[in-house]
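Take the sequences, apply the hints, and build the full model.
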Amino acid sequence: MNLMEPMEAETLKRLTEQWNGRTLYPELEGCFAQYAKDLHTMMDGVLKASRSFPLDLEPAPIFTPEVR
40 MNLMEPMEAE
50 TLKRLTEQWN
60 GRTLYPELEG
70 CFAQYAKDLH
80 TMMDGVLKAS
90 RSFPLDLEPA
100 PIFTPEVR
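Going by my numbering, the first residue of the sequence shown is number 40, and it counts up by one from there.
In case anyone wonders, no lab produced these hints; they're calculated from the structure. There may be inaccurate statements among the hints.
Said to hold, decoys possible - Listed below are the simulated BS3-like cross-link pairs for lysine-lysine, each with C-alpha atoms no more than 27 angstroms apart in a straight line: (1) K87 <-> K76; (2) K52 <-> K87; (3) K76 <-> K52.
Given below as structure tokens:
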């Protein structure tokens, strides 16, 4: 899969289900074609913005609250 090309809605659905480990709400199925189309534009923007960050920039740690 090439992230520089628009993603098919069915591919996005399968990836989302695989990453989340659950199936999607049927109500969201109608939105996937538009989301898949817009995802390319968003990812391209993120890629362009990331080029301005210094190479030694590390990601921030993830905060996970402790459940008692």
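Hints, verified against the model:
1. K87 <-> K76: Holds - the C-alpha atoms of K76 and K87 are around 18 angstroms apart, at most 27 angstroms.
2. K52 <-> K87: holds (25 angstroms)
3. K76 <-> K52: Holds. K76 to K52 sits at ~13 angstroms (cutoff 27 angstroms).
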